[in-house]
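Engineer: Here the structure of chain P is known, so what remains is to put chain B in place on it, guided by the hints.
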Amino acid sequence: MKLNHIFLFIIVFAFSACGDPAGTTQREKPAAADTILPENSIYQLASTWTDHRSQKKALKQFAGNVQVLAMVFTHCAYACPRIVADIKAIEEQVPADKRDKVQFLLISFDTERDTAQRLGQFYKEMGLNGNWTLLHGGEEDVRDVAVLLNMQYEKQSDGNFNHSNIITILDQKGCIQFQQEGLEVGSSEAMKAIHHLID
Amino acid sequence: MVIVPAGAYTPFYQPKDKKTVIPVSSFYMDPYAVTNEEYLRFVMANPSWRRSKAPRLFADTNYLAHWKGDTVLGQEQIKNSPVTNISWFAAKAYAQWQKKRLPTMAEWEYAANANLQGVMDENDRAALTRIILQWYEKPNPPVLPSVGTTFKNNFGVYDMHGLVWEWVYDFNNRAVSNDSRTGNNSNTDFFCSDGSLQTLSKEDYASYMRYSFRYSLKGNYCVKNLGFRCVKNLTETKK
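Top to bottom, those sequences are chains P and B.
Our numbering numbers the first residue of the first sequence as 8 and each following residue consecutively.
Our numbering numbers the first residue of the second sequence as 25 and each following residue consecutively.
Okay, chain P solo, but in the shape it has when bound (with noise of 0.2 Å):
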């Protein structure tokens, strides 16, 4: 059984139209914040969701800043702490003067047990800043974000996840422009797209 192309460690993402500078424009328009995303960002998922701090988002809120993205489970034991330190490990090396346009962005698909107040837990025990948003959300909106992002995943009838190890690397308008996969495999493919982004 041959999947190679599923397991592909390093993707990379070009879309053309999110590097697209006169798709920055903003048109002084009624209902302007959907019409001005470029087509394949993510932000046009209408979604709403819930983050640590139990606030109501939607994904364009996150627009504006570039987002290294990942999908969680809190009770994960082993792959998503990883996850985790790897995403932390990028967090570093952002230069501090970039530092405001950088954040971090951890979804759950565990769409029972990660509440709001779980989140908020996670995010004290892992010790994360005000740079890093964690999001609970529906079954069927986690999965819209997860198909987007081209993560499998699957309930176990424990309730736990086996799941694909992705880092996606959003821009300001909420296009992919960077995917890894796997685990500690470096972030000097990762830092390139990022000062790409905020250079």
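Treat the hints with care, since some could be wrong.
[Stated by the list, open to error] Which chain P residues stay away from chain B? Per the calculated CB distances, all over 12 Å, these: (1) S61; (2) A77; (3) Q128; (4) M133; (5) R150; (6) Q179; (7) K199; (8) H202; (9) H203.
[Unchecked claim] Below, a list of computed lysine to aspartate or glutamate pairs in the EDC-like style, where the Cα atoms sit at most 20 Å apart: (10) B/K248 with B/E61; (11) B/K256 with P/E146; (12) B/K123 with P/E119; (13) B/K256 with P/D148.
[What the hints assert, rightly or not] Selected chain P positions facing chain B (in silico; Cβ < 10 Å): (14) N47; (15) K95; (16) I97; (17) E98; (18) E99; (19) Q100; (20) N157; (21) Q159; (22) Y160; (23) F168; (24) N169.
No lab work stands behind these hints: they were computed from the structure.
On a predicted model such as this, the values are computed, not experimentally measured, just so you know.
Just so it is clear, CB atoms sit at the ideal spot from N, CA and C, and this is done for glycine as well.
Structural biologist: Frame of chain P, contents of chain B only:
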């Protein structure tokens, strides 16, 4: 819709150590795949899903490519053929509009595993396998046949094989059934899932094809022999 009785789905890819069987509750299923004409009605009612309007994120450039225009099929004979060149997001939106949903992989596979109508011996798979393999051997016809033209199964559902591939809700379920969280697995084990799983039957080339195709999909892919049908929960319909 027809009622598919409760049963169980046996995943094609199995962990080595223990056989996994997933129970499936009874549900309503469309006896036919959604047709071009039916999908046209959806597009008329939901202009944001017109070919020229749907964002590429949700439907790639092949979306409804076989139609003549945004709201024009162009060929009378495709009216009752299954709609194809349809993305997962589009199929899901249609189902929602119908107050239905896409089947899970477990539901779809379980329904598709039912034998030909009238074949009461579940172990006699020869006729069903023949239909599937003959379909795989044939190139895609220029015009897809109408729904209901292949075979009916013991659940009263038509064309589960032999007409088009069909979307399932959780097509991105992880193929891996081994536990990736315990720390006992090496990275190699985790990524090269093929090493840790075995298929139910090595001879089941048809299932192998179907699962491989499914795992190669992305949510915005529109493929000319990939359509869908809807299901509905039993409880929601009873009033």
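Engineer: Each hint needs a verdict: does it hold in this structure or not?
Structural biologist: Here is how each hint holds up against the structure:
1. S61: holds (27 Å)
2. A77: holds (15 Å)
3. Q128: P/Q128 clear of chain B: closest Cβ-Cβ about 19 Å, beyond 12 Å.
4. M133: Given that every Cβ of chain B is farther than 12 Å from that of P/M133, nearest at about 17 Å, it holds.
5. R150: violated (7 Å)
6. Q179: holds (16 Å)
7. K199: holds (23 Å)
8. H202: holds (25 Å)
9. H203: holds (21 Å)
10. B/K248 with B/E61: holds (16 Å)
11. B/K256 with P/E146: holds (17 Å)
12. B/K123 with P/E119: violated (24 Å)
13. B/K256 with P/D148: holds (19 Å)
14. N47: Hint holds; P/N47 Cβ to chain B Cβ min 5 Å, cut 10 Å.
15. K95: Nearest chain B Cβ about 19 Å off; hint violated.
16. I97: Violated. Min distance 19 Å.
17. E98: violated (23 Å)
18. E99: Violated, about 23 Å.
19. Q100: Interface hint status for P/Q100: violated (23 Å vs cutoff 10 Å).
20. N157: Cβ of P/N157 sits 6 Å from chain B, so the hint holds.
21. Q159: At 4 Å from the nearest chain B Cβ, P/Q159 passes the 10 Å test, so the hint holds.
22. Y160: holds (6 Å)
23. F168: holds (8 Å)
24. N169: For P/N169, the interface hint holds, since the closest Cβ of chain B sits about 5 Å away, which is under 10 Å.
Consistency with the previously given hints fails for numbers 5, 12, 15, 16, 17, 18 and 19, ordered from lowest to highest.
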